[in-house]
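Sequences are here, hints too, so could you generate the full structure?
So the protein sequences, as listed, match chains D and A. Counting from 1, one number per residue, gives the positions in the first sequence under the numbering used here. Counting from 1, one number per residue, gives the positions in the second sequence under the numbering used here.
Among the clues, some could well be false.
[To be verified] Residues on chain A that point at chain D, a partial pick, calculated with CB under 10 Å:
no.	residue
1	99
2	100
3	102
4	162
[Unchecked claim] List time: in silico BS3-like cross-link candidates among lysine-lysine, alpha-carbon distance up to 27 Å:
no.	chain 1	residue 1	chain 2	residue 2
5	D	208	D	153
6	A	28	A	82
7	A	224	A	82
8	D	153	D	12
9	D	118	A	141
10	A	142	D	208
11	A	82	D	118
12	D	118	A	142
13	D	208	A	224
14	D	118	A	28
By construction, these hints were calculated from the structure, which means they are not laboratory data. In this text, a Cβ means the ideal position worked out from N, Cα and C, and glycines have one as well.
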Amino acid sequence: MTWTQLLPNLIKGAEVTALIAVASTLLGAVFAFAAGIARVSGGRLLSAIALTYIEIFRGTSLLVQLFWLYYALPLIGISFDPIATGIFGLALNIGAYGAEVVRGALVSVSEQQREAAKALNFSGAHTMIHIVLPQAVIEMMPSFCNLAIQNLKDTALVSFISIADLSFHAQSLRNLTLQSVPIYTLTLLIYFAMALVIAAAMRWLENKLRRGAAFPKGAAS
Amino acid sequence: MNPIIRFSNVTKRFGALTVLRDFDFEVKQGEKVTLIGPSGSGKSTVLRILMTLEPFQEGTLTLAGMPYHEPDGHGPFKAREKHLRQIRSHVGMVFQSFNLFPHMTVLRNVIEAPVRVLGLSRNEAECRAVDLLNMVGLADKKDHYPSQLSGGQQQRVAIARALAMRPRVLLFDEPTSALDPQLVGEVLGVIRSLAHEHDLTMLLVTHEMRFAREVSDRVCFFDKGQIVEQGEPERIFSSPEQPRTREFLASVLG
Ligand SMILES: Nc1ncnc2c1ncn2[C@@H]1O[C@H](COP(=O)(O)OP(=O)(O)OP(=O)(O)O)[C@@H](O)[C@H]1O
Ligand SMILES: [Mg+2]
Numbered sequence: 001m002t003w004t005q006l007l008p009n010l011i012k013g014a015e016v017t018a019l020i021a022v023a024s025t026l027l028g029a030v031f032a033f034a035a036g037i038a039r040v041s042g043g044r045l046l047s048a049i050a051l052t053y054i055e056i057f058r059g060t061s062l063l064v065q066l067f068w069l070y071y072a073l074p075l076i077g078i079s080f081d082p083i084a085t086g087i088f089g090l091a092l093n094i095g096a097y098g099a100e101v102v103r104g105a106l107v108s109v110s111e112q113q114r115e116a117a118k119a120l121n122f123s124g125a126h127t128m129i130h131i132v133l134p135q136a137v138i139e140m141m142p143s144f145c146n147l148a149i150q151n152l153k154d155t156a157l158v159s160f161i162s163i164a165d166l167s168f169h170a171q172s173l174r175n176l177t178l179q180s181v182p183i184y185t186l187t188l189l190i191y192f193a194m195a196l197v198i199a200a201a202m203r204w205l206e207n208k209l210r211r212g213a214a215f216p217k218g219a220a221s
Numbered sequence: 001m002n003p004i005i006r007f008s009n010v011t012k013r014f015g016a017l018t019v020l021r022d023f024d025f026e027v028k029q030g031e032k033v034t035l036i037g038p039s040g041s042g043k044s045t046v047l048r049i050l051m052t053l054e055p056f057q058e059g060t061l062t063l064a065g066m067p068y069h070e071p072d073g074h075g076p077f078k079a080r081e082k083h084l085r086q087i088r089s090h091v092g093m094v095f096q097s098f099n100l101f102p103h104m105t106v107l108r109n110v111i112e113a114p115v116r117v118l119g120l121s122r123n124e125a126e127c128r129a130v131d132l133l134n135m136v137g138l139a140d141k142k143d144h145y146p147s148q149l150s151g152g153q154q155q156r157v158a159i160a161r162a163l164a165m166r167p168r169v170l171l172f173d174e175p176t177s178a179l180d181p182q183l184v185g186e187v188l189g190v191i192r193s194l195a196h197e198h199d200l201t202m203l204l205v206t207h208e209m210r211f212a213r214e215v216s217d218r219v220c221f222f223d224k225g226q227i228v229e230q231g232e233p234e235r236i237f238s239s240p241e242q243p244r245t246r247e248f249l250a251s252v253l254g
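See below:
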């Protein structure tokens, strides 16, 4: 097979990879904010639950988590299709790392901002949503960008739970044609291109937030 | 008339350090009181307790008759947020470092709390905000962000922001200490104009002695968590009775 014949198969896999990467990053962001906010201002119980979640998912291998979700969830009566399981597993994983990013950014907003909000009689929830979060989100963006790219690379593991993603297609093409070098060269390039797109998208989002907040770099003191 | 602020036997500790011990202090409605004293004497602590930013350990504190601790036995430390918010609705504070919200325009800074906390309509809040910004001379900066303003301008916005909540008591903690000398005057000018507001109770911590003398009804000299001497500014500044007051005034007036 020539390179141009290999490509359509790989593209098919890349579409699945892109879907899983985007969906798990978005869902992961939801988990990250929920757990990160719970850690900072959730009270003792919520904070402990969030911490347990974070430590479990940071402390165990993603591959084992995926296998566990894939095999164990059906046993307790929950069954997702493999793609949903993959998205869910990756999201839980990126969410655990993201929660620490969220927590760090929230506590980096100066105590004086919270005191000013209190002096204006804002409720705790208002302070979090309208004063602290908008300032913290901008600080989170560079780390979120790294996590999203890491997550893209981690999607390769979903091929182990029988999802036909980019890695899966590369593997099966290689088994079929034995053309390892062209196949993996193309695969690398496709992953790289997707990472570039993610980085560009995150930078765009960061700039937009910065401008929306008219928050010149470094003026956040 | 009952005092609007009444500390009685208030004790405040930070761990092993007792900052206020059996502290008694009263302020009448509409009174303009200045706290002066050496660094670390507890002046900020008094304001921060009033703003509910710091709990205290013993004694009672009331604002317009409302106790900071709850009548049903919750101590000042455990007072519920709902109760504290009711107290806070009567008190405003201007901080040394302005503490404007950097991600909001000047106008948003001023209307945010009236809209979200008091439930004013946006229009109403904006009218109120524009009036206040006019009063502090910054109506033309309403669409700027704090980072685009000088320190003096930021502090004037912070004063407008606090006034937008119509507090009965306004606290100033060294409002000009973070400013370049040439910007101090514009902020003092705004505070001076507020001192004419008959009903507004003002509590001011400052190192600007000339200003304190000019605007206050009463000056309290603070040392080691106690009021050592207090009285009309003329008397405190021209004939202090306590040696510690004399010493302090000599050191700051040079
Ligand atoms: N959060 C805190 N934890 C521990 N100690 C504190 C805290 N805040 C203040 N203190 C201590 O309490 C004492 C009184 O502080 P306070 O800030 O009220 O003084 P001040 O009179 O305002 O001084 P300055 O003129 O320097 O502002 C000081 O000894 C200070 O170190
Ligand atoms: Mg102080």
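Check each numbered hint against the structure and report the violated ones by number, ascending. Violated hints (numbers, rising): 7, 13; every other hint is consistent with the structure.
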